[in-house]
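Asks: Let's have the full structure, built from the sequences with the hints guiding it.
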Amino acid sequence: MSKILEVRNLITRFYSVDGTVHALNGVSFALDEGETLAVVGESGSGKSVTMMSLLGLIPQPPGKVEGGEAIFMDNGGSLDLLQLNEEQVRRVRGGKIGFIFQDPISSLNPTMTIGRQITESMTEHLGLGQTEARSRTIALLRQVGIADAERRFNSYPHEFSGGMRQRVMIAIAMACEPQIVIADEPTTALDVTVQAQIVELVKQLQAHMGVAVIWITHDLGVVAGIADRVLVMYGGTVVESALVDDLYDDPQHPYTIGLLNAIPSLEESNGEEKLESIEGTPPDLHSELTLCPFAPRCPYAFERCWQELPPPYLVANKHTAACFYDVAAQRPREV
Amino acid sequence: MDNNVLVRVENLKKYFPISRGIIFSRQVGSVKAVDDVSFMIRHGETLGLVGESGCGKSTTGRAVLQLHKPTAGHVYYEDIDLTTLGEEGLRQLRPKIQMIFQDSIASLNPRHSVAKIVGEPLKIHGVASEREIRDRVVQLLELVGLKPSWMNRFPHEFSGGQRQRINIARALALNPSFVVCDEPISALDVSIQAQVVNLLKDLQKELGLTYLFIAHDLSMVRHISNRVAVMYLGKVMELADRRTLFAQPLHPYTQSLISAVPLPNPKLERQRKRIILQGEVPSPSNAPGGCVFNTRCPLAYEECFKTVPVYREVKPNHFVACHLVDGQGSSKIPVIT
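Residue numbers (the working numbering), protein chains in the order written: chain A, -10 to 324; chain B, -4 to 332.
The hints are simulated quantities; they were obtained by calculation from the structure and are not laboratory data. None of the values given here were measured: they were computed from a predicted structure. A few of these clues could be false.
Stated by the list, open to error - Below 30 Å or equal to it, Euclidean Cα-Cα: the simulated DSSO-like pairs (lysine-lysine) are:
hint	chain 1	residue 1	chain 2	residue 2
1	B	262	A	-8
2	B	200	A	263
3	A	263	B	196
4	B	142	B	200
5	A	263	B	262
6	B	262	B	310
7	A	307	B	262
8	A	263	B	64
9	B	118	B	196
10	A	263	B	142
11	A	307	A	85
12	B	64	A	192
Replies: Next up, the structure:
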């Protein structure tokens, strides 16, 4: 399994009259060919900002990617996404790296037929002629489960339901046979029975096309069903990363542990157990991060946590935790 | 009449008219948001009401409290029929029946301080002096875990979770017995949801509250409810106690709903056999004839397209509306676990 994307030390800030928001404080991760990486976090964790930073979707001003590199290994060559100019980024975006947004109604052009929106990216990125783009698009619409594809080619976004619009978004993202698809909370706004359909669809397409998927969500249930590996983000940093089974069986970071204890599950035999909540609220990112962002809410925080930002420590195979404390051993980590 | 029943809803309907025409507007149809719903809630228990978009659960909650005037049916609070009470009668009963809303931004007046928001119910009902109101506000804020020193702050100065606590404090101001919680946690982050749910449970024990808990998150509903009702397109498909509903669901919709909920357990997720429904929920303005679930039900047969299945008690305290389940609760449906 070869690496297809390597992000190192990504720093993004938003500058405003009220001060600077340190949205990303050194985010690093890698993605292998064909794998599904879930990125989990709550509001303000930086999960969406990370992906938008990679693809030049951060409005500048007020935002700015201030540091780091994002090496995309693309069929022999490699390029740093953060060094591309707007024209170059546009060629990658929608072509080699597809993007599925949360709210399809705001990301689909209401004045264009959906057929046209898909063929547009094919003619743009693959240089296809209109006829070929059209027949490929109809095949793609069938593949994503839109019945009566030939007729629906000429439909407008408002003529579709939520789940169908999301299928169209998936079709657009997959249209140019990308190597990576980034899905930002693609099912959060959908009913749970429709969510199940969409998750199933993405899995099938992925198996069929061998594309790597980055799936951003706050839903630890969805993660368990779809991910090979998981990144947990908090306060603009990656606090834990692991293979999916390891994350649920053996979480290392107090935030991950807290998050897993805070969710009820249908498998519970007895709903009388109190949900363990994490006290406090997510951090205000208005100052530069010189401490562990989770320290104010962490039951295990000690002096060091308030003085330094913990780096990610390798705690097991493919398992890192950015934490000075060893929860299992109940003492500070020996590092 | 069971003495322990606090709220009884009988054949509740709420239809919204659809009109066409600008100058001569005429009704061309209706959205049957709530279409013949019946259930009861006992003192001190929580009835969870769950379903997907357009199922009518929020409208049901509002119709129960008479925030929407029901099109038909009755709602009894302690033997008093709320649907026949006049405005004055309803006003007098309001302190006992309250609501917590989902969107804390929309339900809190941004120009009112927390003290004013939480104290307002007391002021409206003229039950206390200024001094008493202030004391009560302090007490309520402490009850929901907020610092009384914050009482002069405004809603925008609080986080989502804190705003929900303000909402809860306001709902409890007049010592209600019955509280309708309409998706109180959906807009909150996961770690904050747990805080608010724990608070609601604690308050229920402490104050002897009865809840109608409306939500779409099945796992959360299961956690907080004693009994659960599943709605689809304006009708209740199934109602049973929590354990039974999740262990032995009889209705095909309940089965697929449970099947669709992802479990935070990767090994289980890999092994699961999922029931994936085709299509999406039809619009409530154009509900199918016969059983409303017939467009998506994997087991639908002739009868399902002809007649509406009767909602009835098929096992003790287990209600279902499905042609495939007979009067004794035997079903031709294989239960998939």
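Asks: All hints, please: hold or fail.
Replies: Taking the hints in turn, this is what the structure says about them:
Straight-line distance between C-alpha atoms of residue 262/B and residue -8/A comes to about 26 Å, which keeps the hinted pair within the 30 Å bound. Note on residue 200/B and residue 263/A: the hinted pairing holds, with a Cα-Cα distance of about 13 Å set against a maximum of 30 Å. The suggested pairing of residue 263/A with residue 196/B holds, with an alpha-carbon distance near 9 Å, which does not exceed 30 Å. Our distance criterion of 30 Å between C-alpha atoms is met by residue 142/B and residue 200/B, whose separation comes to about 22 Å.
A threshold of 30 Å between alpha carbons decides the hint, and for residue 263/A with residue 262/B the separation of about 24 Å falls inside it, so the pair holds. Only pairs whose Cα atoms come within 30 Å are accepted, and residue 262/B paired with residue 310/B is rejected, the gap being roughly 34 Å. With a C-alpha separation of about 18 Å, the suggested pair residue 307/A and residue 262/B falls inside the 30 Å cut-off, and the hint holds. About 37 Å separates the Cα atoms of residue 263/A and residue 64/B, which puts this hinted pair outside 30 Å; it is violated.
Simply put, residue 118/B and residue 196/B have alpha-carbon atoms about 27 Å apart, close enough for the 30 Å limit, and the pair holds. At roughly 23 Å between alpha-carbon atoms, residue 263/A and residue 142/B fall within 30 Å of each other, so this suggested pair holds. With a C-alpha separation of about 26 Å, the suggested pair residue 307/A and residue 85/A falls inside the 30 Å cut-off, and the hint holds. For the hint pairing residue 64/B with residue 192/A, the CA-to-CA distance comes to about 46 Å; that exceeds 30 Å, so the pair is violated.
Violated hints, in rising order: 6, 8, 12; the structure is consistent with all others.
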